[in-house]
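Q: Residue-level listing of the chains:
Number of protein chains: 6
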Amino acid sequence: MKEIYIADLSGFEESRIFDAYFLVLTKQQRMTRNNKPYLNLTLADKTGQMEARIWEPGDPRIVREFERGDVVKLRGCVARFDDRCQIKVDQLRKAQDGEAVLEDMLPATLFDVDELWGRLNATMESIANPDLKRLLEALLTQPEIARAFREAPAARQLHHAWLGGLLEHVVSLLGLAEKVAERYPILDRDLLLTGVILHDIGKIRELTWATGFDYSVEGVLLGHIQMGVDLVEKTITGLPDFPPRLRTLLLHMILSHHGKLEFGSPKLPMIPEALALNFVDDFDAKMQAVKSEFEKSAREGRAADELTGKVWALDNRQLLSTKEWLGEKTE
Amino acid sequence: MKEIYIADLSGFEESRIFDAYFLVLTKQQRMTRNNKPYLNLTLADKTGQMEARIWEPGDPRIVREFERGDVVKLRGCVARFDDRCQIKVDQLRKAQDGEAVLEDMLPATLFDVDELWGRLNATMESIANPDLKRLLEALLTQPEIARAFREAPAARQLHHAWLGGLLEHVVSLLGLAEKVAERYPILDRDLLLTGVILHDIGKIRELTWATGFDYSVEGVLLGHIQMGVDLVEKTITGLPDFPPRLRTLLLHMILSHHGKLEFGSPKLPMIPEALALNFVDDFDAKMQAVKSEFEKSAREGRAADELTGKVWALDNRQLLSTKEWLGEKTE
Amino acid sequence: MKEIYIADLSGFEESRIFDAYFLVLTKQQRMTRNNKPYLNLTLADKTGQMEARIWEPGDPRIVREFERGDVVKLRGCVARFDDRCQIKVDQLRKAQDGEAVLEDMLPATLFDVDELWGRLNATMESIANPDLKRLLEALLTQPEIARAFREAPAARQLHHAWLGGLLEHVVSLLGLAEKVAERYPILDRDLLLTGVILHDIGKIRELTWATGFDYSVEGVLLGHIQMGVDLVEKTITGLPDFPPRLRTLLLHMILSHHGKLEFGSPKLPMIPEALALNFVDDFDAKMQAVKSEFEKSAREGRAADELTGKVWALDNRQLLSTKEWLGEKTE
Amino acid sequence: MKEIYIADLSGFEESRIFDAYFLVLTKQQRMTRNNKPYLNLTLADKTGQMEARIWEPGDPRIVREFERGDVVKLRGCVARFDDRCQIKVDQLRKAQDGEAVLEDMLPATLFDVDELWGRLNATMESIANPDLKRLLEALLTQPEIARAFREAPAARQLHHAWLGGLLEHVVSLLGLAEKVAERYPILDRDLLLTGVILHDIGKIRELTWATGFDYSVEGVLLGHIQMGVDLVEKTITGLPDFPPRLRTLLLHMILSHHGKLEFGSPKLPMIPEALALNFVDDFDAKMQAVKSEFEKSAREGRAADELTGKVWALDNRQLLSTKEWLGEKTE
Amino acid sequence: MKEIYIADLSGFEESRIFDAYFLVLTKQQRMTRNNKPYLNLTLADKTGQMEARIWEPGDPRIVREFERGDVVKLRGCVARFDDRCQIKVDQLRKAQDGEAVLEDMLPATLFDVDELWGRLNATMESIANPDLKRLLEALLTQPEIARAFREAPAARQLHHAWLGGLLEHVVSLLGLAEKVAERYPILDRDLLLTGVILHDIGKIRELTWATGFDYSVEGVLLGHIQMGVDLVEKTITGLPDFPPRLRTLLLHMILSHHGKLEFGSPKLPMIPEALALNFVDDFDAKMQAVKSEFEKSAREGRAADELTGKVWALDNRQLLSTKEWLGEKTE
Amino acid sequence: MKEIYIADLSGFEESRIFDAYFLVLTKQQRMTRNNKPYLNLTLADKTGQMEARIWEPGDPRIVREFERGDVVKLRGCVARFDDRCQIKVDQLRKAQDGEAVLEDMLPATLFDVDELWGRLNATMESIANPDLKRLLEALLTQPEIARAFREAPAARQLHHAWLGGLLEHVVSLLGLAEKVAERYPILDRDLLLTGVILHDIGKIRELTWATGFDYSVEGVLLGHIQMGVDLVEKTITGLPDFPPRLRTLLLHMILSHHGKLEFGSPKLPMIPEALALNFVDDFDAKMQAVKSEFEKSAREGRAADELTGKVWALDNRQLLSTKEWLGEKTE
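Residue numbers (our numbering), protein chains in the order written: chain A, 2 to 332; chain B, 2 to 332; chain C, 2 to 332; chain D, 2 to 332; chain E, 2 to 332; chain F, 2 to 332.
If you're looking for bench data, these hints aren't it; they were derived computationally from the structure.
Incorrect hints may appear among the rest.
Treat identical chains as interchangeable: a pair holds within one or across any two.
Listed below are the simulated BS3-like cross-link pairs for lysine-lysine, each with C-alpha atoms no more than 27 Å apart in a straight line [said to hold, decoys possible]:
#	residue 1	residue 2
1	K89	K287
2	K261	K180
3	K74	K324
4	K287	K261
5	K261	K37
6	K180	K287
7	K28	K311
8	K297	K261
9	K134	K324
10	K134	K235
11	K324	K235
12	K3	K297
13	K74	K292
14	K47	K37
15	K3	K287
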C-alpha cells in the first residue's frame, strides 16, 4: 500500500531516506560531463510526476529489467537544485503483484466513482423511451465497457486528464442537460440524455491509461468520434427492431457533437438535441476550466485582484474571480 | 379600429372592395410603359407587408400629403399577378388620431407584454444584492425607459424583430440563466441575472420602431453595446456609494456579451458570469431560431422527412425536426 | 422507347405537335394574371430539363394523379419567349411499365458502364494482397451494391452529377493512382487502389437517384464518409480473420480522403496512401472540371482567346485553353 | 540624485563596488543547490533592467521590509556569467523621500515633455470649432488629467512603452494628421485633430506606471477604448449645449480607431475623419517601429546588407534600411 | 463632332427623333415572343451606356457589317418601359474617320489630362537622384508609353475606371506621398515618388481601353505587377551603369505595393519606402471612394442624415458625411 | 582530402586527438564565468554541424584571421556534456587551396549529380516543340547557369536543403509529371515538362550556398518567382521569333506554381499545365517529406507502432509508416 506520494516530496529534507512505489513514465540512458553513464527517469503517481536520477546504474541493488509502464519500488532521497526537486535513487526493483495498485499511480477523479456511476445509472433508469433505454443497458452492462467507462480519462492532458475523468465529465453534463431539457420543450429529453451519455464513449478505445495517458494508434487514425459511432452502431445491430431513424439521430449526435468541422466533427448539428449536446459539452468544459483555474490560482497564492494565468481552454484568455475580487472589498 | 389585415388579403376575391388602415413603409413615384406616372407604396401592418399601386395619383380622392411613416386609410381591392398579390388603391387619406393604433401596424410579440414585464419585475424583486437591485429599480422605474423596454424590438430584422421583442428575448434568457446559475455554484446568480436584464438595454437607443424598424444614426455610429454601457454608467453615477468594482464587472458583462471581437464585443468575457451570459444569449437565440424555423416549415406544409430551408442564424444550415421525423414512423 | 429528347426541342417549330416521355422533377399549381389556375412542371430526361405549362388542368385528357418522380407521356408543342423555350402540354398520362426506362430519364455517363465496370473488376483482380482482394470481392459481388455502384451519381449537382458518375469517377482515379503508385515505391499499391475503389462508396447510400438526384435524410445527417466506413466495416466484420490493422488503415483512408477538417474529414491523412488518395481525388476532379469547362466553352462558341466562365470547382477562377490559344496563332 | 544607471553596469569591472538607486520590479525567495535561501530581484531604472542576487538575506545590512514597486538604495558589484550580467547586492535599504525621483526609475521619452506638451497645446489653440476647443480645454486643464497625460506610457511593452509615451505618440500623429487634413479637403481638420488628441486618452486609466508598466484590473476588463469614451462623455455632459451630433462623431472616432473588429474596435470607421484617424495611427506606429528597429540594428552592429530581426509590429517581417544599403555602395 | 450624349437621353420626349454617335459594347441577335428576330445592342459614350433595339434588322437603312468596338452613327428615338429607357433604332451605319473621337465614347477623367501630365513631369523634374531621374525620363519620354500612360484607365470597373484614370490616380498619390515624405525623414523622397509614378505602370499593358475597358489575355495571365516590373526592368537594362541595388529596391516596391500576399503581391514591403507606398496607395483609394460615394449620394438626393449605400472598396461599409450631418444642424 | 566528418565525431573517445577540415558557419567572441574571453564557433561539413570552443584564442597556434565562410583545418578533441558533443580546438589555420573542396563541406544530394543532370538533359532532348527546346538549350548550356543549377540547394532549410537539391527536386518532379501528362491528354506534355524544369530556376539567384545556405538580399526582396521569370524572360528576348503567347504561358506557369496567393504566387494557375505543375510540385514535396521522416524515424529507432514526430511540411501532422506497421504483424 502506497504511503508516500510525489506531492509530499517537495517538503522532505534532503537527508531523509524514503521507500516508495511509482509508475515509470520514461526511462533514458544519459552521460555526465565526465562521460559517466546514468539513468534518467520520469516517475509518477496520482499526485503528480518528478524526475529521478540513478547515478550508479551498475549497482547490483538496481534491477536492470524494468521498462516504461512498470510500477517500481525504490529507496532514495530528494535532491534540490534551484527551485526544482529530483529523486536520487539508491535502490530499485519492480513492484510485485499486490504491493501497489494502478489507482495510486495515476491521477484520478476526486469524486467517488461508485457514486458517479450510480448517478449515470439513475439517469439511464429514468429514460422513458424503451429503445434508448435498452440500448444504454445493452452497452453499459457489458462488463468490459462498464469497467472502461469507469476508468477512462477524458483526455490525454488538459481537461479531465485523470482516471474516471470520462465518467466525471459525462455526469457533470447530465446535470446541465437535464436543466436545459426542462427549459426547452422542443428538446426530446431522452434523446438528449442518451446522447450525453454516449457522445464520448469512443474515448474508451481512443485512449490508453494503463501506463500513463496516451492515444492508441487506432485512436490516432480513427478518432473517438468514429470509434464511438462504431461501438453504438454495432450494439444497435444486435438489438432486434431498433428503429432505424432513432439510430440515425443518435449517430448524428455523436458525429456532430464537436459543433464545427474544424474541431473534427464531419457533420454540423442539424437537430435540436445535437445543438443542445454541443452547447452543454462546450459550456460545461469551459465552466470546469474556470473552476480549475481559480483553484490553481488559490493554491499558488494569487491575490484576489490578480488575473489568472492564460487559460488554454479559453483561447489563452486570463480570468478574474468575481467572488474573490468583490469579497476583498466587502470584508 | 383595425378590422382587415394584410394576412387576410391573399384570400380576398379580386372584385371585393375593402377599407383598411396601413402604415406606409415606402412611397415612390414611377412611370408606366406608356409613360404615365403612378405611385408605388409598401404598406404594412402587424401581420406583414404588401405592395400597393395608385394608378391615378391625380385623382382628388387621393390625398397628396402623406409620407413614409404615416398611417393611412384606403379603399381598394386586391389584384393578383402570377402568385403575387398587390393592392389597387382607389381612395386614400391619412388616418386621424384615434382611428388606428401603432400596435396594429407593426408585428408584435405573441406574448402578453404585461405578463413578460411582470416576470422581469419578479426577477428584479428576487435579486438579493442591494446594489444590483437599486440599480435595476433606478433604471426600470424611469417611465421613458420602461416604456421603451416594453416596446423595443430586439433587431431590425431576423430574430425577435417585432414590438416587444427585446423584452421577450430577455425574459426567455432569464429562464435559462436561472437554471444555469443553479447548476454552477461558481456563478453569482444576482450578477448574472442583472447582466441578462441589462445586456441589450442599449437597443432602446440603437433602434427606432415608430415607422418600421430601423437603426438610428447614433445607433449605427455607436452601437447598442456602447449605448447600453453609457445608460448603465450614467444611472450608476447617480446612485450614492455604488461599489466601483461591481460597476466595472457589470460594464464588462455588457461589453463582452457578444463573446468574440469579430462579433463587435471590444472585450472577451473574463469573469464566469460574462462567460455564462454569452452562452445563454447564444444558445437561447439558436433554440428560438430552431423553433421559428420549424413553425415556418409547418406553415409552409413541409413534409416530416424534409429538411427546413437554410437558417441564417445557424450558418445557413438546414435542420430536421426530430419529433416530426420520429413521429411519422410511430403513427 | 424514347425518341424525342429535351435537347432536340429547342430546334422544333412552334407549330410542331410531338409525343414524348419525361421525368417529372417538380409540379406546382399557379395562377395566371386573370386568376386562372394552371400547372407548372419541370420535366427532365437524360439530355437536360425544361419548364412545361398545363393551361387547362381540368381538361379530361390531362390525368390528375401524377407526382414528382413519375415518368409521364405527354403530347404538346414548344413555345418560345425571348430566348427561352417552354413546353405547352395538351395531353398527359403516366407512362406504363415498359414504355420508358429510367436510364433515358436522367443524365448518364457518356462512357459504357459495362466497360467501366470491367476496368474496375480488372483492377480488383490485380490486387495481390489476399485480404484486400476478398474484401473487394465481398462488397462488389453483392448484387444490390454492384447495381448501386454502377448507377449512382457522384454528386447531386456539379462534378459527375449523372448516372454512373460514381463509377466513372472511380475508374478515372484508378488510372492516375496506378501511375502515382509506380512512381513512389513508398506507396502500397494494393492499399491505395483499394482505397480509391472504396473511398466514395458511401455515396450509394447518401444519394438517391430514382427521381432526380438528391440526398437521403440519412445521407444529410451522417454523410457518405460515415456511411462508407460503416459499409466497409460491416463487410470486414463478416470476413474471418481480417487483419485488424489493415481494417484500421482502410477506414482511416476513407475518413481522411477529403484532406481537410473543414471539408468534412474528421481526420487528416496520416499514412502515405491516404495522402496519395486525397491528392489523386483532388487533382482528377480539377482536371475533369477543366475538361468539362473547355467543352462547354466550345459548345457556346467562345473564341480561342477568350477565358472561360468562372469555374466553381476551381475557386471561381477563369481558365484559358492552352491548345486553342496557341493553335490559333500557328494555323 | 541618480548617478549610476543600469545601462552603465555592463561596462563595470567585477571588482568595482558602487552605490545606486533602482526600482524593484520583482522580488522572489529562492534556494541554492545547497539548499541555502537567497533573494532574486529584478531591478530597473530608466535605462533598462537587470537581475540582482542577495546571497545573505539575513545580513543586518539588508533591510527586510521592501516590496515590488519600492525604490531602493543598494551597494554591490557586477557579476558576469557567460554573456549576462548580474548585480551582487551587499547592502540594501529603501530610498528616502527626495533621494530619487520616479522619472529616473522608468524608461522615459527622449523628447522634452514640456515641449511636447507645448505642441499639443498649440494644436489645441489652433482649433477653430468652439465646441471642440472648449471640450479639449475642459479635459486637458484638469490637473489630474494633464499630469497623467504627460506621464502615461502608450503601452505596457512594445511601442512607446515609456513615460511620456502617450504624449509622444499623440504629438507624432498630429504632425501627420495636419498634413493629411491639408491634402484632403473632405476632412474636417478640427474634428480629426481633436480625435487624434483624444483617441487614446483612456490609456491614462487602463495603464498603471507607478511601479513598472502594467494594466489596471479595470483596464483589463473595460479597455482604453471604453475608458476613453467614458472620460470624454462625462466631460461633454458637463459642457452646456454641446452639440449632440458632434458628441456622437467624436465618440465614434474613439470607438472605431483600431480600424477592425478583431483589433478590439466595436465599430468600423464610418466617417472620413475616423478613417483618417485609423490610417495615421496605424502608419505612424509602423514608421516608428521601422525607425526603432533600424536604431536597434545599428546599436547591435548589424552590417548594412543585413536584414533586421523579425519585427513584431510588422507581422514579424524583416526589414532592410534603404539608406544604409544604398549608402554602402556610393561611399 | 458629338452633340448628343447618353446622359441627355433620359430627358428626351419619346416622339423626338435624333442622330448620334455611340460605341458598340455588345451586339446580340434575339427573338421576340412572336418569333421575330431583332438585334439587341449595348451602346456607350463617355457619359454612360444604354440598351438599344433594332426591330427590323433587315431594313436596308441598317448596315449589317458592324461589330463590338465599332463607333456607329444612328437615327432613332427613346422608348420608356417602367423606369428604364431604351433606344429604338431606325437607321444605323458605321462612323467614318473624323466623324467621332474615341475620347467622346468612353468615360474620361474630369481633370485636364495636360495639367495632370504637367504635374507628373514637374515631380519628375524635382527628383534629385540622377539615376531615378534618367529612368523616369527614359520611360515617360517614349511616345508609346507616354500616350498609354495618359489614356489608360486605372481599372476595368470600380475605382478610376475611366480614360486618364491611371494618371489621375498617380497624380493624386503624389500629393499625399510628398507630404508623407516631408513628415518622415527616414523616407528617401526620390525613391518614394519614383515608386508612386511607376507602381501601376503595368496597367498600360494589363488593360485594354480601345473598345470598352477590359483585361488583355496577357494581363489576366501575368498581372500588372509582373508587367510593370518587366517594363521597368527592361528600361533599366538599357541604361548604362544603373546601380543594381537601386534597381532591386524599385522592383521590390512595385512587387510589394499591394501590401499583402492575398492581394496579389508576391512580397511584403520590407523597406520604408515600400511600406509608405502601400499606405498612400491604400489610403488615397479609400479617400477617393469616400468622395465618390458622397457625390453619388448627393446626386441621388439622399438626406443629410442618411447613410450611403454599401461601399465595396470599404468592405461594404456604409458611410456618413460628417459635414452634411453637422451642417444640417447649424443652418 | 577530407577524412574525418562531423557525423563520425560523436563516436570518438574524449582523449582522441584528430585533425580535420570544416567550414566556419558562425564565429563569436564570448566570456567565461571567470571573465576569460574565448571563441565559440559553429563548424560544418556535409554530414552535419557542431559547436566548437577555442579556450585560448591568444595561443599562437590559433590564427586570428579567419571568418564566417572560411574552410579551416583544426586539431582538437571531442568534449561531451550531458548528451551533447563539442569540439575543443587546440590548433587552427585556414585551409589552403586544394586541401579541401566545398562539396565536402556542405550537405549534398545522395544522388549522382552527373546522372541527375543526364536525366534532365534527356528530358530536354525529348521535347518536340522547337521553341521550348531552344529556350531550354539556351538557358542550360550557359556554363554559369548550368553550374549553378547543378549546385544550388532547393531551400535554405527544410526540404532539399543540400547541394544539388534543386536539381534533385526537378528530376524527381519530371518522373511524376511524365506520368501525369500520359494520363491527361488535355495536357501539353512539352509545356508541362518545360515548366517543371524552369519553375524554380530563380532559386539559383535567390539562394547563396558558398558559405552555408542563405538568401541573398536581392532574393529576400524579389523572391525566386520574380527572379526566375526575369531570367527566362531575358533569355526569350534573345531568341529570334519566339512566339509571344508561348512566352506568356511559360511565365504564367512560373508565376502561379505556388498555387495560392498566400503562398506567394501573384497569380493562380489558369491553364491546365499550370494546375498540373502546382499539383506535381506540391505532391512530390509531400511524398519526399514522408520518406525523409520515415528514414529519420528509423535512424532514431522509433518502433513500428509509433507515430513520427510532427512534420512541418505537413501542417505538423504526425505520420505512421504503413509498411512497418503492417509488417510487424506478418513477420
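Q: Confirm or reject each hint.
A: Now for the hints, and whether the structure bears them out:
1. Taking the closest pair of Cα atoms, K89 and K287 never come within 27 Å of each other, the shortest separation being 40 Å inside a single copy and 46 Å across copies.
2. When the C-alpha separation of K261 and K180 is checked against a cutoff of 27 Å, the pair qualifies both within a copy, at 24 Å, and between copies, at 26 Å.
3. For the homomeric pair K74 and K324, neither the shortest alpha-carbon distance inside one copy (44 Å) nor that between copies (39 Å) is at most 27 Å.
4. In this homomeric assembly, K287 and K261 come within 27 Å of each other (Cα to Cα) both inside a single copy, at 17 Å, and across copies, at 15 Å.
5. In the homo-oligomer, the alpha carbons of K261 and K37 never lie at most 27 Å apart, since the shortest distance is 53 Å inside one protomer and 49 Å across protomers.
6. Taking the shortest alpha-carbon separations for K180 and K287, both the intra-copy value of 17 Å and the inter-copy value of 17 Å come in at or below 27 Å.
7. In this homomeric assembly, K28 and K311 come within 27 Å of each other (Cα to Cα) only across copies, at 22 Å, whereas the closest approach inside a single copy is 31 Å.
8. Only between protomers do K297 and K261 lie at most 27 Å apart by alpha-carbon distance; the minimum there is 26 Å, versus 30 Å within a single protomer.
9. Taking the closest pair of Cα atoms, K134 and K324 come within 27 Å of each other only across two copies (18 Å); inside a single copy the shortest separation is 41 Å, beyond that limit.
10. Taking the shortest Cα distances, K134 and K235 sit within 27 Å of each other both inside one copy (16 Å) and across copies (24 Å).
11. Within a single copy, K324 and K235 get their C-alpha atoms only as close as 48 Å, which misses the 27 Å cut-off; across copies the closest is 25 Å, which meets it.
12. For the homomeric pair K3 and K297, the shortest alpha-carbon distance inside one copy (25 Å) is at most 27 Å, but the shortest distance between copies (41 Å) is not.
13. Proximity of K74 to K292 under the C-alpha cut-off of 27 Å is found in neither arrangement, the shortest distances being 35 Å within a copy and 42 Å between copies.
14. In this homomeric assembly, K47 and K37 never come within 27 Å of each other (Cα to Cα): the closest approach is 33 Å inside a single copy and 30 Å across copies.
15. For the identical chains of this complex, K3 and K287 are neighbours neither inside a copy (34 Å) nor across copies (50 Å), given an alpha-carbon limit of 27 Å.
Comparing the model with each earlier hint shows violations of hints 1, 3, 5, 13, 14, 15; every other hint is respected.
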